[in-house]
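Asker: Guided by the hints, dock chain B onto chain A, whose structure is given.
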Amino acid sequence: AAGVIQSPRHLIKEKRETATLKCYPIPRHDTVYWYQQGPGQDPQFLISFYEKMQSDKGSIPDRFSAQQFSDYHSELNMSSLELGDSALYFCASSYPQGYTGELFFGEGSRLTVL
Amino acid sequence: DAKTTQPTSMDCAEGRAANLPCNHSTISGNEYVYWYRQIHSQGPQYIIHGLKNNETNEMASLIITEDRKSSTLILPHATLRDTAVYYCIVVVPDTGANSKLTFGKGITLSVRP
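So the protein lines, in turn, are chains A and B. Per this note's numbering, the first sequence runs over residues 11 to 124. Per this note's numbering, the second sequence runs over residues 20 to 132.
If we strip away everything but chain A, and leave its shape as in the complex, we get (with noise of 0.2 angstroms):
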C-alpha cells in the first residue's frame, strides 16, 4: 500500500540558507501534519491542513511557513536557518471518511544544519 513520501530524505544546508521538504501523502487523504524532533526531544506538532487550508498550528516558528497545494501534497519552507532547527521533520496524514483518529507518519526528513 502506499505510504506518506517525504522528499528530500536528508538536507545540509548553512546557517541563514533556505529549505524546503515536501510531502506526499496517501492517496484520497486531505489532512497533513507536521511535525519537527529534535535530538532526543518527542515529536513537536508544527502545523496542519485540512482541505487545502491551515487548520491548526503549533510551535512552528515565524521563519517557517507551510502550505497544502491543489493536488493535497504539502511543501514546509524554513528560511534563515539556524542551528538549532537541525531535526528529524516527519509528515503525516489522515483521511475523513471512517476517521479513526489514526495518523498515517512517512519515514521523516533529517535535516542538518551547519
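It should be emphasised that the hints constitute simulated quantities derived from the structure, not laboratory data. Careful: at least some of the hints might be erroneous.
[To be verified] Incomplete in silico selection of chain A near chain B, CB under 7 angstroms:
| # | residue |
| --- | --- |
| 1 | Y43 |
| 2 | D52 |
| 3 | P53 |
| 4 | D66 |
| 5 | F100 |
| 6 | G111 |
| 7 | F115 |
| 8 | G116 |
What you are looking at is a predicted structure, and each value in this text was computed from that prediction instead of being measured. We treat Cβ as the ideally placed atom computed from N, Cα and C, and that holds for glycine.
Answerer: Same frame as chain A, but now just chain B:
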C-alpha cells in the same frame, strides 16, 4: 499540562508479554486513548486506540480501566523489533481541524534476547 503520564522506561524478555501502563486521570468523556510507537528515528506508527472497551488487533491489546483513568498496552509476545518508544495519547478524533496528536514523554521499551 501533560494529559498522560508514563514510566520512563521498562524492559522485558523476548517472547514474553510486555505490559505498558499509562495514566490519564483527567481524561474527558469524549477523549479516546491512542497508542503509537516510534522505532529509532522512524516515523511514529499507530498501534491501537479505544474509548472504554478493551480492544485487540494484530499488534496489541489495549486494556482500559472502568473509570478510564488508566490503561495498559499489551504486546503479547515481544520481539527484538518491538524495542521502541511507546506513546500514550488522549485525543478527541476529529476530521480536519483539531485532529492533531500531541506527543508527550513516552516510555522506552527495551526487549532483551
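Asker: It remains to establish, for every hint, whether it holds in the given structure.
Answerer: Hint check results:
1. Y43: Holds. Min distance 6 angstroms.
2. D52: Interface hint status for D52 of chain A: holds (5 angstroms vs cutoff 7 angstroms).
3. P53: 5 angstroms, holds
4. D66: 5 angstroms, holds
5. F100: Holds, because the Cβ-Cβ distance from F100 of chain A to chain B comes to roughly 5 angstroms (cut-off 7 angstroms).
6. G111: 3 angstroms, holds
7. F115: Since chain B brings a Cβ to about 3 angstroms from F115 of chain A, closer than 7 angstroms, the hint holds.
8. G116: OK, holds: G116 of chain A within 7 angstroms of chain B, min 5 angstroms.
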